[in-house]
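Whenever a hint applies, use it, and build me the whole structure from the sequences.
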Amino acid sequence: GTETLRDKIALVHYVAPSSWAYKHKFKKIDSTAIGLSKLFDHMLVILPFEQQLFQPKTSTRKCVTFVGHPALEDFCERLDLFKKRKVDGALFDEWKKIYNSITWNASPWCTNMVSNDLKSFLIHKAKKSTNSHVNTFTICALVGSRENEVLQTIDLVKAAVDKFVHFSNVKVQVVFPTISNLAPLIHQHLENWQVPFFVNVDDNTSKKNSIYEASTVAIAVSGTVILETTLAGLPTIVIYRANRLTEILAKHLARVNYVSIPNIMSSKELIPELLFTKCTSDNIFSAIQKMEQNINARKNDEVSTKEIELCHSMSSLIEWTEGYPTPQKASEIAARVQKYGLNTAHCH
586 GTETLRDKIA LVHYVAPSSW AYKHKFKKID STAIGLSKLF DHMLVILPFE
636 QQLFQPKTST RKCVTFVGHP ALEDFCERLD LFKKRKVDGA LFDEWKKIYN
686 SITWNASPWC TNMVSNDLKS FLIHKAKKST NSHVNTFTIC ALVGSRENEV
736 LQTIDLVKAA VDKFVHFSNV KVQVVFPTIS NLAPLIHQHL ENWQVPFFVN
786 VDDNTSKKNS IYEASTVAIA VSGTVILETT LAGLPTIVIY RANRLTEILA
836 KHLARVNYVS IPNIMSSKEL IPELLFTKCT SDNIFSAIQK MEQNINARKN
886 DEVSTKEIEL CHSMSSLIEW TEGYPTPQKA SEIAARVQKY GLNTAHCH
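Heads up, the sequence shown is in my numbering, so the first residue is 586 and it goes up one at a time.
No wet-lab data here; the hints were simulated from the structure.
Keep in mind that a hint or two might mislead.
Listed next, the in silico EDC-like pairs over lysine to aspartate or glutamate satisfying Cα-Cα at most 20 Å (straight line) [to be verified]:
#	residue 1	residue 2
1	LYS792	GLU662
2	LYS743	GLU776
3	LYS914	GLU662
4	LYS875	GLU892
Following this line, the structure appears as structure tokens:
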């Protein structure tokens, strides 16, 4: 028969649909996997469990490859973790114990690196907070990347911060990282606010990490930004509001108990989530207050079990070189797929 251009060009799809998050879609995930395999020659996914979910059970050829989450890749790039390194034997033994005590699959290599970075960051934060009457308690308010998200959350955040200022002895300031098209709306809602605040406009997100590092806690609308703040070692409160109908539908259709990826990966609430009707100014205030108490109670070299679990959860979001404490770049994995795992025959 006549060979078409489609027969000659391999189609690769990047990022899987979130079918696993909804009951009605998860029931049909096998047929979804087959359907996608007919459309594309290969799929590159960013969450580790998606590799198995979207691999058609009827296919003998590998059609799906986990390449790692871009937020983790940015993190590893920033810390220069892509270079090969050796791990001290005693240090490896220490982290192997932690690895063996955790119930889900994670690499001791990556736990070591991610945890050590988080640990040093938390120690730095703890030292800053010991003189809390001198230092400023900086709240990083990430109130959404869409207009409707800002409208649904900014007044709740303001009311929560007002209450925290009233009941706390610390000097409080709030920074609002945002994009240029949302800045006027945020300024409008903050007009005449008595709490010191800054609206930081950064369309290419290059300043975000320095803002996270300078902050004490974050209040963030659910999204990729949760991974960014968590990787910056910033204690984060996840918030999300929607209209009543959306909330009813979400509760009815949701298959997962959490919305933030670190919590989804570990199947427990490692990061507090205040969603829908739980997202009130009083609950946000209580969460900030609890975080302040935790920061003040922390010993300088202390890292909690929850934080170690969080490190495992995060470190599973990138592919690691077997036998080496070195993460792999998505581009390198994709190049290998192109070289060894692709032909123009579909996976059905």
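message: LYS743 and GLU776 were given as a pair; does the straight-line alpha-carbon distance stay at or below 20 Å?
response: holds (11 Å)
task: Would you check the hint for LYS875 and GLU892, treating anything up to 20 Å between C-alpha atoms as holding?
output: Measuring from Cα to Cα gives roughly 16 Å; hence the hint holds.
query: Between LYS792 and GLU662, does the CA-CA distance stay at or below 20 Å?
result: holds (16 Å)
- prompt: Holds or violated: are the alpha carbons of LYS914 and GLU662 at most 20 Å from each other?
  reply: This hinted pair holds, its Cα atoms lying about 9 Å apart.
Of the numbered hints given earlier, the model fails none.
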